[in-house]
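Which chain is which? The protein sequence lines are A and B, in order. Residue numbering for the first sequence follows my numbering, beginning at 11 and increasing consecutively. Residue numbering for the second sequence follows my numbering, beginning at 6 and increasing consecutively.
Check the hints yourself; a few may be wrong.
Claimed, not checked - Quick list of in silico lysine to any residue cross-link-like pairs, SDA-like style, CA-CA up to 25 Å:
| id | chain 1 | residue 1 | chain 2 | residue 2 |
| --- | --- | --- | --- | --- |
| 1 | A | K273 | A | A333 |
| 2 | A | K114 | B | W234 |
| 3 | A | K117 | B | R236 |
| 4 | A | K140 | B | R319 |
| 5 | A | K140 | B | L48 |
| 6 | A | K22 | B | R319 |
| 7 | A | K83 | B | F237 |
Stated by the list, open to error - Here are the computed distance ranges between Cβ atoms for each label pair:
| id | chain 1 | residue 1 | chain 2 | residue 2 | range |
| --- | --- | --- | --- | --- | --- |
| 8 | B | H131 | A | A176 | 51 to 57 Å |
| 9 | B | P275 | A | Q143 | 57 to 63 Å |
| 10 | B | L316 | A | Q143 | 56 to 62 Å |
| 11 | A | V76 | B | G233 | 57 to 63 Å |
| 12 | B | I218 | A | R281 | 36 to 42 Å |
| 13 | B | F237 | A | D31 | 34 to 40 Å |
| 14 | A | K177 | B | V313 | 47 to 53 Å |
| 15 | A | V26 | B | I218 | 25 to 31 Å |
| 16 | A | P47 | B | L39 | 55 to 61 Å |
| 17 | B | R322 | A | D31 | 53 to 59 Å |
| 18 | B | I218 | A | R138 | 20 to 26 Å |
The set of hints was computed from the structure by calculation and includes no laboratory data. From the three backbone atoms N, C-alpha and C, an ideal C-beta is built for every residue, glycine too.
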Amino acid sequence: MAQVMMKNLNKKYDEVHAVKDVNLHIRDKEFMVLVGPSGCGKSTTLRMVAGLEEITAGEIMIGDRVVNDLPPKDRDIAMVFQNYALYPHMTVYDNMAFGLKMRKFPKLEIQKRVQEAAEILGIQELLRRKPRQLSGGQRQRVAVGRAIVRHPQVFLFDEPLSNLDAKLRVQMRVELKRLHERLETTAIYVTHDQVEAMTLGDRVVVMKDGWIQQVGEPLELYGKPANKFVAGFIGSPAMNFLDVKVADANGALWAEAHGLRVKVPPAHTSRLMPYKGQQVTLGVRPEDLQLASGSDPSEYVFDAVVDVVEPLGSEILLDLRAANSTIVARVEPTVRVKVHEKTRLAMTPDRAHFFDVNTELAI
Amino acid sequence: MNKPIAGGAGSAARLEVVLPHPRATEPRRLTRFLENERALAALLLAPTVLVLGTFIAYPFIMGVWLALSSTSVGNVGEFVGMRNFAKAWNDSIFRTAFGNTFVYTFWATIFKLTLGMWLALLLNRHFRGKRIVRASMLLPFIVPTVLSTFAWRWMFDPTFSVLNWLLYRADLITTKLPFLSDGTYGMWCAIVVNTWRGMPFFAITLLAGLQTINPDLHEAASLDGANGWRRFWYVTWPLLKPVTLVVVVFSVIQTFSDFQLIYVLTGGGPANSTHLLATYAYQVGVATGLLGEGAAISLFMLPVLFVVVWLQLRYLRRMDGA
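Build the full structure now, drawing on both the sequences and the hints.
The following block contains the structure:
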């Protein structure tokens with residue numbers, strides 16, 4: 011059990027600067043998720059922690075040791091690979107025992123630990139099989155088992171669920187979370203799936219183009235995204251973005267676009283003052299848009315035309331045209347609207363987001 | 006009740022019978038013949054059977070027959086049973102050639118495997134000019150054996166040997182080494198040349214095998230605490246074993262029945278001390294003209310190679326079953 015510190019971490023390949031000035035403090039026993047689109051540097055960061063990639067500049071500490079020059083085997087970490095990387099010629103038992111065998115553990119201790127891990131993961135019956143005789147989910151469990159028998163200081167997960175089908179992925183996600191609660195080992199988990207990031211992480215790091223965009227607890231990222239990228243990346247369906255102009259009228263600020271005029275919520279007024287007369291990006295999450303009823307304050311209501319209706323059972327997703335762009339609203343399943351129908355949408359004022367057009371930072 | 010009750014297909018069929026179609030019948034018969042799976046299979050297999058029969062089965066059967074007869078050049082000969090085999094077995098040159106063949110095959114294969122594996126592991130890394138090195142490594146394999154062996158013969162030449170010159174200049178020797186004028190030296194020279202020639206095949210095949218191994222396995226193993234040597238021993242080698250086995254068996258077969266290299270390098274000399282079964286069989290059967298005895302000598306290769314191939318097949322089948 012240990013904390014992991016990254017200081018000004020950089021990775022440069024010949025042409026590509028893959029990881030840029032990453033500073034991260036992963037606390038002891040924390041489950042930290044690195045998330046971002048492919049090529050954002052999240053896997054490279056993980057592999058530098060593992061010792062599988064050289065560090066171009068900066069420092070990584072595991073516990074209180076600087077590990078920059080330590081080979082992977084001396085870093086006291088265990089990793090679960092995307093394709094499991096099970097040794098195909100060894101039985102499940104040998105796969106799990108291999109790391110302990112290489113570290114010259116006594117036979118009895120190895121046996122005890124493998125049994126223990128197999129029990130935790132429910133794979134006792136599979137110990138004598140070879141990897142190719144296992145299903146994807148079982149292989150995944152063995153890969154996790156191989157990591158936990160070692161009782162390492164840090165677990166590293168490199169997209170461990172992405173080779174599983176959707177149903178199994180949800181199931182394994184829950185199991186991983188339960189496992190972490192039981193073992194209380196520091197974990198760094200890389201994924202491109204924001205749902206996995208949100209559900210698993212104690213905290214989540216959003217990365218893009220090698221830069222850290224934001225670090226925070228899942229709901230913090232969702233509720234207070236630091237910039238437009240995080241706002242659009244976290245949440246599904248993604249946040250709606252509308253280009254609006256900030257205008258001053260009747261002693262209040264208004265966000266205006268073609269066919270749309272909503273009041274800037276009071277909470278944002280002071281911060282938007284300097285943008286008077288300028289373009290900004292208004293961000294609204296789909297669930298913060300509802301079909302307007304008579305009781306909604308009229309300054310947060312605007313016109314829209316229904317384009318597509320997607321009933322999901324528990325909710326309905328409406329694709330609408332408003333202010334010359336397409337927006338998505340997530341509405342109650344009882345709502346009845348038809349395609350091409352003109353309607354009015356009300357937004358929840360205190361959940362609106364504004365972003366600078368140039369820097370894309372939240373205002 | 007074959008008669009159609011009314012109309013439909015029945016009348017159409019009758020119509021066809023009535024109208025003469027002299028041209029249509031011929032291809033239809035061929036089509037019907039080809040529809041028969043047995044006939045089609047026989048037809049498709051015929052060329053292969055013909056080629057294999059002419060160039061493999063016939064010479065082989067002919068060889069067995071010759072070995073059991075007293076045929077020599079200009080003499081049809083008659084059946085003599087196992088006499089040729091017995092004669093060969095009691096011949097001291099044959100004994101030497103028989104032993105040489107094993108020594109030659111054993112050491113050449115060991116060297117080719119170790120050096121080929123080493124080369125494959127080196128070439129499996131990333132470095133500048135990787136492709137050129139990989140391609141040029143095949144050169145010894147591409148150059149015709151006779152040609153390259155002639156070059157080696159010059160390097161081992163008693164008078165002009167460049168190797169002797171180099172060793173002498175480097176103060177490693179004071180008198181010339183009798184590379185090809187001594188039986189034992191000659192045998193080792195042949196093994197060296199064979200290794201030089203056969204190693205690329207090992208390296209390329211093993212390299213292909215290495216590239217099928219998922220690099221993640223090595224990363225996993227290094228995280229599991231295995232150093233370079235143990236990663237090779239516990240991960241690479243077991244996964245490479247099937248490929249290795251196939252190359253080794255191929256190489257054993259080729260080396261055991263090698264002819265060109267010895268024929269050009271030493272011609273079996275000095276004093277018949279470097280003969281292999283193939284060269285000795287040639288010398289007795291063709292050069293001397295005792296076709297029957299020559300065939301018997303070459304047939305001594307059969308049981309050995311048979312066992313090698315059988316072991317390989319058994320191993321591969323067990324791998325499949327596992």
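Return holds or violated for the Cβ distance of B:P275 and A:Q143 against the range 57 to 63 Å. About 59 Å separates the Cβ atoms of B:P275 and A:Q143, which means 57 to 63 Å holds.
Could one say that the CB atoms of B:L316 and A:Q143 fall in the range 56 to 62 Å? Since the Cβ atoms of B:L316 and A:Q143 sit about 27 Å apart, the hinted range of 56 to 62 Å is violated.
Is A:K140 close enough to B:R319, meaning Cα to Cα at most 25 Å? holds, 21 Å
With 53 to 59 Å as the target window, see if B:R322 and A:D31 comply at their CB atoms. Since the Cβ atoms of B:R322 and A:D31 sit about 58 Å apart, the hinted range of 53 to 59 Å holds.
A:K140 and B:L48: Cα distance at most 25 Å? violated, 44 Å
Would the hint linking A:K83 and B:F237 be met if the CA-CA limit is 25 Å? Cα-Cα ~16 Å, so holds.
Cβ distance range 20 to 26 Å for B:I218 and A:R138, holds or violated: holds, 24 Å
Could you grab the alpha-carbon distance between A:K117 and B:R236 and see if it respects the 25 Å cut-off? holds, 20 Å
Pair hint outcome, A:K22 versus B:R319 [Cα-Cα no greater than 25 Å]: Cα-Cα ~50 Å, so violated.
The hint says 36 to 42 Å between B:I218 and A:R281; measuring C-beta to C-beta, is that right? violated, 57 Å
Note whether the CB distance of A:V76 and B:G233 lies within 57 to 63 Å or breaks it. violated, 24 Å
Measuring from beta carbon to beta carbon, are A:P47 and B:L39 in 55 to 61 Å? holds, 57 Å
Hints 5, 6, 8, 10, 11, 12 from the earlier list are contradicted by this structure; the remaining hints agree with it.
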